[in-house]
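Q: Using the sequences and the hints, build the whole thing.
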Amino acid sequence: MNSPVIQVENLTKSYGSVEALRGVSFEVNEGEVFGLLGPNGAGKTTTVEILEGLRSADGGRALVCGLNPRQAGLRYKEEIGATLQSTALPEKIRVREALAMFSSFYGRRRNLADLLRRFGLEEKRNTFYGQLSGGQKQRLALALALVNEPRVLFLDEPTAGLDPQVRREIYDIVEELKQEKKTILLTTHYIEEAERLCDRVAIVDYGRVIALGTPRELKQRAAGTTRIEVRLARPAVDGALAKLEAVSDLLQFEDRYVLHSTHVPATIVALVKQLESDGNEIASLEIFSPSLEDVFLELTGRKLRD
Amino acid sequence: MRHILTLTVNRMRLALRTPAFIFFSLVMPMAFLFAFCGFFGRGRPNAIPYLMASVLALTVMGSFWGLSLQLVTYREMGILRRFHLAPLGAGAILASSILSNYVLTLPTVVLQFLLARWVFHLQHWGNLAGTFILITLGTVTFSALGLIVASVTNTAQETQIINNAFWLLFLFLSGATLPLPLFPGWLQATAFFLPATPLVIALQKTMVARASIFHLGPELLSLTVCAAVAFVISQQLFRWDPGEKVPRRAKLLAASAIIPFLLLGAWEIHSGSLRASALRSFQSMERQSVPQVSPEEPPR
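Read top to bottom, the protein sequences are chains B and A. Each residue of the first sequence is one higher than the one before, counting from 85 in this note's numbering. Each residue of the second sequence is one higher than the one before, counting from 2 in this note's numbering.
Bear in mind the hints are in silico, worked out from the structure with no lab data behind them. Backbone N, C-alpha and C define an ideal beta-carbon position, used for all residues, glycine too. Hints may be right or wrong, so weigh each one.
Stated by the list, open to error - Under the rule of at most 25 Å between Cα atoms (straight-line distance), these lysine to aspartate or glutamate pairs were calculated in the DMTMM-like manner: (1) B:K221 <-> A:D242; (2) B:K176 <-> A:D242; (3) B:K266 <-> B:D283; (4) A:K246 <-> B:E103; (5) B:K221 <-> B:E207; (6) B:K176 <-> A:E77.
Said to hold, decoys possible - Chain B regions said to be covered by chain A (calculated; three or more residues, Cβ under 8 Å): (7) 183-193; (8) 287-296.
What the hints assert, rightly or not - If you anchor each label on the Cβ, the simulated ranges turn out as follows: (9) A:K246 <-> B:G125: 16 to 24 Å; (10) A:L112 <-> B:L196: 55 to 63 Å; (11) B:D198 <-> A:R3: 21 to 29 Å; (12) B:P248 <-> A:G244: 29 to 37 Å.
A: Here is the structure:
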């Protein structure tokens with residue numbers, strides 16, 4: 085197996101008396117999309133900015149492509165591409181001028197016409213940056229991050245503040261990059277984004293990684309229960325549903341029963357058998373998998389956007 | 002070097018799209034020309050070379066204004082952070098700021114010369130090579146001083162305040178607007194501690210007395226040393242991020258850029274050579290013939 089492209093070990097950083105990072109560690113493998121998920125102020129941006137070489141860490145070790153971001157100098161910048169949490173460019177620079185200028189700084193360059201086409205900016209090529217919409221600005225930021233065919237891409241909150249439609253456009257772009265096997269580290273506080281885009285996720289809170297794994301693993305590691313909502317043709321026999329196999333909890337809301345199951349297939353089979361013997365029928369049944377939001381809630385006692 | 006040229010071209014392009022730049026770099030210098038030559042030079046063709054020296058000095062000194070403000074605004078808006086992600090050093094950003102400023106100043110200066118000739122009947126061009134060197138060096142020095150201001154200020158508002166304070170000093174104490182020989186002796190001596198004064202005196206020498214650069218030793222030396230020191234210091238103090246604090250040593254380091262002028266001021270108190278030159282240039286306004294160069298003559 086290839087050695088990790090990004091290695092972070094026990095990274096610490098303080099701003100005055102505020103400890104932004106308290107020993108963050110993780111590794112990202114080649115071709116992997118890795119997400120740092122956490123609320124605002126968790127330390128995600130500080131971590132990414134240290135890896136981009138924009139900030140120095142107080143302690144610990146960070147290596148990207150085998151290079152120390154802060155000490156490898158300008159050579160390091162050739163290897164990475166990045167979008168900042170809020171990319172800013174001069175208002176009066178045209179889209180094509182911005183791409184041409186940033187592209188000229190690198191030894192390895194992508195075809196700019198291809199980038200304009202790919203990011204849907206062909207029609208806006210002569211538009212001033214200040215006249216672009218939020219989504220177009222973010223697409224340009226992504227295009228700028230790719231002008232040098234980077235080995236590693238850092239995307240800091242790539243969809244923050246964008247409307248849902250634009251957010252989906254950005255997801256499509258990241259998914260395309262994922263198919264190209266780009267190594268991507270992205271930060272987000274959107275559950276949907278982490279679940280949809282990331283191969284692995286580190287949940288970050290108060291400057292620490294509190295859980296790490298694939299979205300599926302993390303969800304399974306959480307209470308381990310799945311919510312099953314069922315409506316029956318007639319009311320259930322008292323207490324029968326609570327005794328079904330793998331049911332840890334039962335709630336009733338009028339004609340709707342909410343079961344929390346630790347093993348969904350076993351519970352469903354048991355439910356069907358029970359209803360058959362009671363002469364009852366299922367009117368509707370829905371299964372809700374636990375989300376990363378549930379995982380975060382369980383680990384921290386808070387919602388992600390508290 | 003390639004990065005510096007790319008950045009320079011882009012900086013120039015952006016400047017030309019900014020109405021404020023057009024006003025401060027073209028309209029205002031032309032206003033100086035028409036105010037000085039049209040008002041004080043009316044019916045006095047001999048006064049035009051002297052007045053042109055002031056106009057050119059003010060045009061060059063204006064360099065530090067826009068440059069510092071733009072750099073601080075870029076930092077405040079987070080634009081510099083985006084550049085920091087690219088394989089660029091602070092030196093490239095700073096050098097391109099100076100170079101673009103210089104290239105954009107040249108057409109204004111050429112236009113001022115042509116208008117002075119056609120509208121105000123400038124009788125001779127002075128020592129054009131010497132004036133060109135002074136404009137080049139002056140623009141670089143004042144741009145570098147602008148970079149120093151940008152390195153010790155955090156906000157555009159703070160930069161404006163500092164720029165205004167320096168601008169007023171340069172405007173009224175350098176001899177560019179109020180002729181130096183009209184000042185009391187102690188104020189004349191004080192004026193030589195300012196970066197603007199040697200530039201004004203030297204431009205008066207090349208414009209009025211057609212002095213060659215060999216007669217501008219102390220002025221050229223102090224401006225060159227200041228430009229080099231200011232550039233190195235602003236490179237050391239360069240901040241990409243609006244959140245980065247100004248280091249404690251910054252203000253002390255920044256102040257060291259004026260050491261060449263402290264030395265020049267001390268030397269001038271001793272020699273009086275530049276004050277004598279300023280007086281001769283001033284008196285030329287009343288003479289019919291062009292004075293001969295004798296820069297080492299002590300003051301009377």
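Q: The structure should be examined with respect to each hint, and the outcome stated for every one.
A: Results for each hint:
A C-alpha spacing of about 20 Å is found between K221 (chain B) and D242 (chain A), which places the hinted pair at or below 25 Å, so the restraint holds. Distance restraint check for K176 (chain B) and D242 (chain A): the Cα-Cα separation of roughly 21 Å lies within the 25 Å cut-off, and the hinted pair is therefore satisfied. Distance check on the hinted pair: K266 (chain B) and D283 (chain B) sit about 12 Å apart at the alpha-carbon level, within 25 Å; holds. For the hint pairing K246 (chain A) with E103 (chain B), the CA-to-CA distance comes to about 18 Å; that is within 25 Å, so the pair holds.
Between K221 (chain B) and E207 (chain B) the alpha-carbon distance is near 14 Å, which keeps this suggested pair within the 25 Å criterion. Distance check on the hinted pair: K176 (chain B) and E77 (chain A) sit about 17 Å apart at the alpha-carbon level, within 25 Å; holds. Under the rule that three or more residues need a Cβ within less than 8 Å of chain A, the assignment of the segment 183-193 of chain B holds, with 5 such residues. Check result for the segment 287-296 of chain B against chain A: violated, 0 residues qualifying (beta carbon to beta carbon below 8 Å, three or more required).
Between K246 (chain A) and G125 (chain B) the CB atoms are about 20 Å apart, so this pair conforms to the stated range of 16 to 24 Å. Taken as a hint, the range 55 to 63 Å is violated for the pair L112 (chain A) and L196 (chain B), whose Cβ atoms sit roughly 36 Å apart. Against the hinted window of 21 to 29 Å, the Cβ-Cβ separation of D198 (chain B) and R3 (chain A) comes to about 23 Å, which satisfies the hint. Distance hint check for P248 (chain B) and G244 (chain A): the Cβ-Cβ separation is about 31 Å, which falls inside the suggested range of 29 to 37 Å.
Hints 8, 10 from the earlier list are contradicted by this structure; the remaining hints agree with it.
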